[in-house]
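S.K.: The primary structure of each chain is shown beneath.
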Amino acid sequence: MAAYQLPQWAALAPALLLALTGLVLFLIDSISPRSTDRTLLAGTAAVGALASLAVAVWFTAAGVGTPTVDGGEGVIEIFDGQFVVDQLALYFMIVVTIVTALIVVASYDYLAGHTYQAEYYSLVVLAATGMATVAAANSLVTIFIALELTSLPSYALVAILKDNRGSVEAGLKYFLIGALSSAIFVYGISLVYGATGVLQLDSIAEVIADGGADGFGGLLGLGILMLLGGIAFKTASVPFHFWAPEAYEGAPAPISAFLSSASKAAGFVIAFRVFNVAFPLGEIGNVIGFDWTVAFVVLAIVTMTVGNFAAATQENVKRMLAYSSIGHAGYALIGLAGLSADGGELVMGAALMHLLVYGFMNTGAFLFVALAEHWGVGRTFEDYNGLSSQAPVACGAMAVFLFSLAGIPPFGGFFSKYFLFTGALQAATANTAMLAVAAALVVNSALSLYYYSRLVKALWIEDPPATRDRLGQPTGLYAAIVVAAVMTIVILPGFGPVAEAATGAAEALVN
Amino acid sequence: MTVAVEYYVLLSMAVFCIGLMGVLTRRNALLFLMSVELMLNAANINLIAFAFYHGNLTGQVFALFTMALAAAEVAVGLGIILVLYRNFRDVDVTVPTTMRW
Amino acid sequence: MVGTGAGPFSYAPAIALFPLAAFVISLVFGRQLPKKGAIPGIFATAASLLFSLWMFATVAGGETYHETLYEWSAGAVTTEVGAEEIAFSFGLLIDPLSALMLVIVSLVAFLVHVFSLGYMNDEGETGLPRYYASLGLFTFSMLAFVYADNLLMAFMFFELVGLCSYLLIGFWFRTKSAPSAAKKAFLVTRFGDYFFLIGVVAIASTFGTVAFAGEESFVVAAETAIEDGTTLFGFDAQTWVTITGLLVLGGVIGKSAQFPLHTWLPDAMEGPTTVSALIHAATMVAAGVYLVARMFGYYALSPTALSIIAFVGGFTALFAATMGVVKDDIKQVLAYSTISQYGYMMLGMGVGGYVAGVFHLMNHAFFKALLFLGSGAVIVLMHHEQDMWKMGGLKDKAPITYYTFLAGALALAGIVPFSGFWSKDEVLFDALIVGLEEPVILAAYAMGLLAVFFTGFYTFRMVFLTFHGEPRTETAEDPHGVGWSIKAPLVVLGLLAALVGFVNLAPIAKVAGMDITFLEYWLDGEYGYVEGLTYHHYHEMVAFEEGYIGSETTTMLLSAGLSLGLALAGAFAAHTLYNVPEPKRHTTKLGGAYTVLRNNYYQDEYQVWLAEGLTLPLARTADLFDRSVIDGAVDGVSGASLFGSSWVKRIQTGLVTNYAALIVAGFIALLLGLGLYGGWF
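Here the protein sequences line up with chains A, C and W, keeping their order. Per the working numbering, the first sequence runs over residues 1 to 511. Per the working numbering, the second sequence runs over residues 1 to 101. Per the working numbering, the third sequence runs over residues 1 to 681.
Hints were generated in silico from the structure; no laboratory data involved. Virtual Cβ for every residue (Gly too), placed ideally from N, Cα, C. Hints may be right or wrong, so weigh each one.
Interface residues of chain A toward chain W, partial, derived using beta-carbon atoms under 8 Å [unchecked claim]: (1) Lys173; (2) Ala209; (3) Phe216; (4) Leu225; (5) Val238; (6) Ile288; (7) Gly289; (8) Trp460.
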């Protein structure tokens with residue numbers, strides 16, 4: 001394939017590049033403290049994110065993770081299997097780096113006039129490093145460390161507007177719930193370790209298969225549930241979602257976008273990998289008495305219902321998007337709920353697709369809020385009235401995001417949701433509870449259309465207030481929004497390869 | 001004479017529950033943070049006891065990582081509590097309620 | 001026998017496409033063109049006519065054409081007769097029937113286009129590009145309907161001609177009556193087409209095919225089903241064929257203005273007279289009868305359907321003729337006469353007289369187009385006055401108009417040897433011989449026969465009032481002149497009305513034993529034919545017994561004499577009453593019947609009552625149901641959702657300690673639930 005063989009550790013290049021970028025940003029900050037050279041800082045971060053994205057795409061194209069029998073390079077294991085670079089890892093690295101690049105470009109304008117610019121960018125890039133590492137982590141140790149690497153910068157980022165009470169309050173709540181969740185998570189790890197004596201995911205599966213965990217069913221089950229709690233925190237799923245509305249509302253809007261898209265994706269990659277690799281269905285049922293899909297069925301239904309219902313009557317646009325983000329976590333959970341011992345890669349592939357599309361449309365929607373905050377027009381639906389007359393391009397893009405979020409054709413969101421629905425129906429042949437999940441998906445989508453179109457109506461149909469200043473056209477924000485909108489649309493013709501990559505990634509895990 | 005692993009688990013569970021109760025009842029942010037530390041340490045007790053029980057070092061090494069991360073978490077936490085105090089003139093976690101519903 | 005697409009038939013699509021091109025040109029460039037779109041229309045219809053004649057000649061040479069041109073949808077189905085797939089396509093079927101009809105349609109369309117130069121352009125009408133564009137679109141749709149090879153395609157173009165009719169009736173949309181008449185025509189025919197559509201769907205889902213001809217046609221499928229005694233949708237095959245046939249007949253009755261859906265046609269006279277001639281006399285109205293002829297094989301399978309067709313036809317013939325007697329407006333008389341004449345065609349078809357029906361269809365197309373164009377000429381002469389009581393004495397002022405009109409009138413009244421006599425006589429003869437065995441048909445025959453008298457009467461009442469006597473107004477004293485573009489079409493049609501009957505001189509053939517029934521040979525496949533679509537074949541399929549009074553020849557002579565006598569009697573009655581210098585109305589003699597006739601048997605009133613007294617309350621109830629129950633349910637759901645929303649979001653209290661408590665509670669609930677489920681406790 002390649003002319004020379006790269007060393008094994010180079011397979012982690014996407015994550016390493018991000019880490020390097022973070023360090024370079026620190027270096028810049030230490031050379032000229034309190035630098036406000038936005039072009040240099042944002043440029044460095046963007047270059048780092050894009051380079052990482054390019055490497056991840058290159059690896060995917062070169063066949064890293066594709067089984068060798070299919071002409072690929074095979075799964076690459078690093079540090080004795082503490083990390084694996086397979087299709088799933090690369091897929092999520094791509095999602096994370098895309099979102100990071102968009103955020104960084106958009107922040108260029110958003111941060112104009114703020115202090116702590118270098119810290120901001122390096123924290124974003126370090127959090128992204130954590131997310132990229134999570135994607136490849138294959139042991140509960142590395143997962144926990146990478147997860148904390150994601151969380152700790154995020155806490156700081158949410159609270160980075162130090163004089164803004166909302167930002168600080170959001171940071172506090174996020175941190176406290178996060179600390180509680182990671183304590184529960186690590187306790188769960190300790191219980192799983194206690195039951196099996198190993199921490200690497202495939203070893204755990206081997207021990208369980210060999211019957212090494214028999215007799216520790218209760219311990220293992222409690223441990224698994226606690227792991228689930230930690231993951232639910234990261235993906236903002238009920239009941240660990242309470243931080244999300246406040247954190248998204250109070251945080252700077254680009255950070256809200258980052259957390260609700262990339263951070264959520266990182267949470268899901270843990271869920272996919274841990275539950276599929278360490279606790280394979282069927283065998284786990286013999287030890288703990290039930291299949292964990294039951295838990296995900298319950299969580300999926302409750303999460304999408306709570307998220308969408310709470311979003312329906314919000315007055316604050318950002319908070320509405322925050323709740324809708326919880327609802328979307330519920331949709332993605334279908335990917336786990338629909339798995340069964342003998343397959344289910346289709347429904348999981350659909351969930352992966354949804355996360356990618358969601359990375360564009362949800363990031364774009366939050367970035368539009370960032371744009372509105374940049375303009376200073378206000379935060380409620382009413383404040384957004386008639387913006388289209390002054391900023392038609394951005395409002396057009398926003399309409400695309402919202403309709404795509406609602407799952408209306410021909411946008412990308414429709415297809416991923418459609419695949420989730422058909423996947424759920426297929427899974428219902430093995431697990432009738434999935435019918436309830438599919439029904440909940442339909443009902444909640446219908447409800448979500450109500451509040452999304454409320455915003456479109458405000459933007460496009462309502463009359464603008466008489467007194468509103470001219471609105472600027474910040475280049476970076478506009479560029480990010482337009483790129484996200486274009487991707488939301490063109491992902492439709494490109495859905496073939498995307499679907500292929502997603503199901504490929506899912507198959508790699510399920511089988 | 002060695003203590004059976006069950007007792008370690010009971011101890012860790014007790015510590016974990018004490019921490020949890022602290023989280024649920026304490027309103028001071030610093031005490032909240034300390035309670036979380038208790039929960040983390042409960043996990044550490046488990047890890048070390050199980051490492052001994054299983055006869056491998058993985059758990060002990062992981063405990064070291066956990067301690068380092070706990071320290072980092074406290075550092076970030078203290079920073080946030082500091083800005084909390086600056087904005088709200090209090091470290092009571094029930095004071096900031098501007099965002100709800 | 002069926003051509004493969006090489007040779008002349010490969011140009012067949014052009015016949016319809018020429019007028020389509022004219023439509024586009026008139027629509028886009030009409031304003032800039034010298035005659036506002038008339039020229040492309042004339043050239044396009046002339047080209048269609050030439051190509052149609054070429055097709056006609058080719059069919060006469062023994063070739064026919066049946067080809068699918070474009071398949072736009074195909075798929076697997078399960079049908080009642082076990083066909084496993086169905087395809088919907090556009091295709092052409094050129095057999096003797098459609099070739100003949102193509103010539104008729106393109107000829108009349110061409111003449112009407114020429115006539116329009118005098119009637120529309122010279123009279124300084126505005127909106128001419130719209131007029132010619134609509135005419136072009138109509139001609140295209142009609143021609144495409146004529147050679148459609150399947151029922152669905154026929155239905156599509158059937159609808160399209162309806163649309164064009166709507167557009168053209170409403171041509172003078174600034175008046176009050178024209179738009180209302182257009183709407184009425186559209187709605188009434190649409191009511192019939194609704195059943196037609198259901199019929200198409202029923203046929204498609206029963207037999208898995210909608211083709212008219214060939215082994216794969218629904219006619220053949222239906223025949224097989226009846227022979228095999230298959231049960232279709234819970235009915236025996238023949239009943240089901242009757243039901244679907246009658247559904248399709250709904251469209252026929254609407255389009256060909258048969259009772260009870262005839263009410264739109266008199267109102268349609270609000271359109272320009274040229275339109276009345278082309279659409280509401282010669283072609284579009286013929287589409288209904290043509291459809292019956294096209295799928296005659298299907299109706300032939302069901303004596304019940306045929307009897308209904310015959311009875312409706314006979315009744316309509318008499319019913320409309322009586323109303324024509326008391327009309328004052330020259331176009332109204334012609335409108336009722338049109339309804340009545342289509343009744344004859346239906347009667348002919350219904351008794352199995354396929355040749356007679358088609359023969360009358362052809363003759364009527366020519367003489368009724370002639371009469372309408374003649375009345376158009378009269379209207380021009382009279383400065384757009386249509387009331388016959390304000391005319392009179394035009395005979396000497398406009399001889400060409402008079403003599404051509406007279407030829408048309410003689411044909412309409414059925415006076416020997418004009419074309420209408422031969423065909424009407426054949427219809428009545430066919431009805432009589434079947435009627436001697438079937439009482440229902442005999443009743444239909446009796447009504448048709450009686451209508452002959454009324455036809456003769458109102459026709460000559462119209463001729464005498466318009467052309468004879470003394471001029472009764474100043475306009476009639478000094479009429480406006482007409483140009484060549486009006487006279488030429490009249491002369492052509494006048495000749496045709498007089499002579500075209502000679503193509504099928506059945507009575508003379510019988511009496512003299514000569515082989516001169518050319519139309520019958522034509523339709524019987526003496527020249528080119530498509531398997532299963534010949535008169536011979538149909539005649540074998542129709543299950544009616546035939547009876548004679550004495551010998552066949554006696555019966556025929558009796559029938560011919562009877563109808564000719566009645567026609568002459570009618571004409572004579574009109575002569576005595578109205579062919580005087582100062583004619584009177586004579587309406588008081590009719591007494592109460594006059595009011596009834598004048599109000600068209602209150603047909604409009606009862607239909608309005610049906611709409612207002614029955615449909616409207618039903619619609620109100622449905623609306624009430626929709627607003628209260630349906631909307632209520634929808635509003636209730638949304639209200640409940642929003643109410644639920646306001647509660648769901650209350651759990652987000654803003655207090656972080658509450659969050660911690662709720663997280664722990666939620667976790668414990670999950671733990672307990674799954675623990676119980678997994679049997680931990």
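S.K.: Indicate, hint by hint, whether the structure satisfies it.
M.R.: Going down the list of hints, with the structure as the test:
no.: 1; hint: Lys173; verdict: holds, 5 Å
no.: 2; hint: Ala209; verdict: violated, 19 Å
no.: 3; hint: Phe216; verdict: violated, 12 Å
no.: 4; hint: Leu225; verdict: holds, 6 Å
no.: 5; hint: Val238; verdict: holds, 7 Å
no.: 6; hint: Ile288; verdict: holds, 6 Å
no.: 7; hint: Gly289; verdict: holds, 3 Å
no.: 8; hint: Trp460; verdict: violated, 21 Å
The structure does not agree with the numbered hints 2, 3, 8 stated previously, though it agrees with the rest.
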